[in-house]
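Undergrad: Chain residues, written in single-letter form:
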Amino acid sequence: MKELIDAATKEALLRYGDAACEEFQRRLGQGRLCSTRCRACREIAFPPRDFCPHCGAREAEWLDLPRRATLYAFTQQQRGLRFLAPDVLGLVEVEGVGHFLTRIDAPFERLTIGLPLEVAFLEICPGVWVHQYRPV
Amino acid sequence: MTQAVIAGVAAIPVARKLPRAVRDVATDLCFAALADAGLPARDVDGLFVTPPALSGMSGFMWSCTLAHHLGLSTRGQALVECGGLTAALALKQAVQEVRAGRLRACLVVASDIRADDRADDFEFFIRGMAADLVGLYGPYDGLYGLAAPIPYYAMSAQRYLHEHHLSRADLAPVAVTLRRFAEKNPRAQLRQPITEQEVLEAPPICPPLGLLDCSAFASGAAAVVVASPDVARRGPRRPVAVRAIGEAHEPAHFAPLREPLSRFPSAGRAAQEAYAEARLQPVDVDVAEVYGVFTATELVLYEELGFFDRGRAAHAVREGRTSGGGTTVFNPSGGRLSLGHPAGATPLYSIVELVEQLRGGCGDRQVAGASVGLLHAEHGMLNGSLVGLLEAA
Chain A
1 MKELIDAATK EALLRYGDAA CEEFQRRLGQ GRLCSTRCRA CREIAFPPRD
51 FCPHCGAREA EWLDLPRRAT LYAFTQQQRG LRFLAPDVLG LVEVEGVGHF
101 LTRIDAPFER LTIGLPLEVA FLEICPGVWV HQYRPV
Chain B
1 MTQAVIAGVA AIPVARKLPR AVRDVATDLC FAALADAGLP ARDVDGLFVT
51 PPALSGMSGF MWSCTLAHHL GLSTRGQALV ECGGLTAALA LKQAVQEVRA
101 GRLRACLVVA SDIRADDRAD DFEFFIRGMA ADLVGLYGPY DGLYGLAAPI
151 PYYAMSAQRY LHEHHLSRAD LAPVAVTLRR FAEKNPRAQL RQPITEQEVL
201 EAPPICPPLG LLDCSAFASG AAAVVVASPD VARRGPRRPV AVRAIGEAHE
251 PAHFAPLREP LSRFPSAGRA AQEAYAEARL QPVDVDVAEV YGVFTATELV
301 LYEELGFFDR GRAAHAVREG RTSGGGTTVF NPSGGRLSLG HPAGATPLYS
351 IVELVEQLRG GCGDRQVAGA SVGLLHAEHG MLNGSLVGLL EAA
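Protein chains in written order, with the working numbering: chain A, 1 to 136; chain B, 1 to 393.
The hints are simulated quantities; they were obtained by calculation from the structure and are not laboratory data. Just so we're clear, the structure is a prediction, and the values are computed from it rather than from any experiment. The reader is advised that the hints may include incorrect statements.
Claimed, not checked - Taking lysine to aspartate or glutamate pairs in the EDC-like style, the calculated list, with each CA pair at most 16 Å apart, reads:
1. A:Lys2 <-> B:Glu123
2. A:Lys10 <-> B:Asp132
3. A:Lys10 <-> A:Glu95
As the list claims (entries may be wrong) - Covered by chain B, per the in silico footprint, the following chain A stretches (three or more residues, Cβ under 8 Å):
4. 29–43
5. 46–59
Think of the CB as a built atom: it goes at the ideal place given N, C-alpha and C, for glycine as much as any other residue.
So that you can see chain A by itself, here it is in the shape it has in the complex (with noise of 0.2 Å):
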């Protein structure tokens, strides 16, 4: 089953997917969390994009991202496709960005509103992979 859901992501992230898309898979590989930021107005977007959707300039630049982050908010999928359970889902805070959806690698119940939180990269099928962030 995982070989199916693996063929169909991939295809999913051909279809749906971006340059820019491409290019964060990318430096997500090498270990590096990454976004664009406008040249322009200086505005950081994400997740990334080849233009500024605040001020709607076409120059952007990409840079790293801080690897430390803040908890927002946080779930647990009881049946998720990809993760078996506890499946833990949270929104983690990164200054400067803002909030956005990741992984949390570590159980539910450790968990509370505004815990310091590290990124961390997963494979998830080859060549695909993902950010997830653990407590400090």
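Take the given structure of chain A and dock chain B to it, following the hints.
TA: Same frame as chain A, now just chain B:
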């Protein structure tokens, strides 16, 4: 500007599966809505539809195949899609055409099929789901294997409870209150009485949400006739006027990057537009059908739509002020939690309930003297909303 009125409505009971093929169901509902409006099919000059199923069965050219099947010659037809807003936007298109004076009698048809026999084929299901996940949640969030948008709503609920010093127990009365209404609604999917204790002890889905904090998997269909007042006047029923429609979308799909997850600002923005256009205020609304798919969402919506101060809706529900003890009755249909939530058709079910309430024909769940109704629908995670105001004409 011509006024647009709702002249006829029809809906089947919400259930896990559709009782017949979607084409048969849609056909029956079109005839039922036209009969309700007292109009012959040949008077229809517009057809606006949702996909037959929001996710699953293809909607490719469905408005064309349905028009062909029904033998309709129109001057306007379209299939509309925008997540949970879909049916509301199909309705809006009909309303705009009638207001502009271009069309005089439009059929709006909405359906959703959430339980599909093909889904019993596990391999088919998993392969389709893995691909759809990336399509629906995008190439970032979609990689985490979300089985439904429930984790986002669960975290929104967690933030709402956290920020207002509330607990899971404060959500339970929402589910119980809505179930009490559904007991009186023959169209409702879930009509068995429940208690707060049962809500709190139900299996967890995504904490803090348990099974009874969430709407169930459902299919359903509804049809509505939107007409100009002169056409509607010929029918046997009291027409219901569409006084105003407001709509607002945030630049976020599911979780916003910076705004608080406990807020749904699009609902407030859409409501402000509608209230201003109709020159009405929340206190004028007798009955509201809102798109609360989870207990906590329901509370946030009552607040965003202007009915209660932030963090106060849970107390209002517990004190019965949302179910007859206040100025507005919320979701007398049983709401998404108990009437059921066939997402593609949900906003039309809300319209059907509001129209029947404003006509005064809802039997023992009738809101006494109801003359103004509010529709709320959303797409994604409340990042886009539509608010409509209806009034007995």
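Undergrad: Are the hints correct? Go through all of them and say.
TA: Hint by hint, here is what the structure shows:
{"no.": "1", "hint": "A:Lys2 <-> B:Glu123", "in the structure": "holds, 11 Å"}
{"no.": "2", "hint": "A:Lys10 <-> B:Asp132", "in the structure": "holds, 12 Å"}
{"no.": "3", "hint": "A:Lys10 <-> A:Glu95", "in the structure": "violated, 31 Å"}
{"no.": "4", "hint": "29–43", "in the structure": "violated (count 0)"}
{"no.": "5", "hint": "46–59", "in the structure": "holds (count 3)"}
Hint compliance for this structure: hints 3, 4 are not met, and every other hint is.
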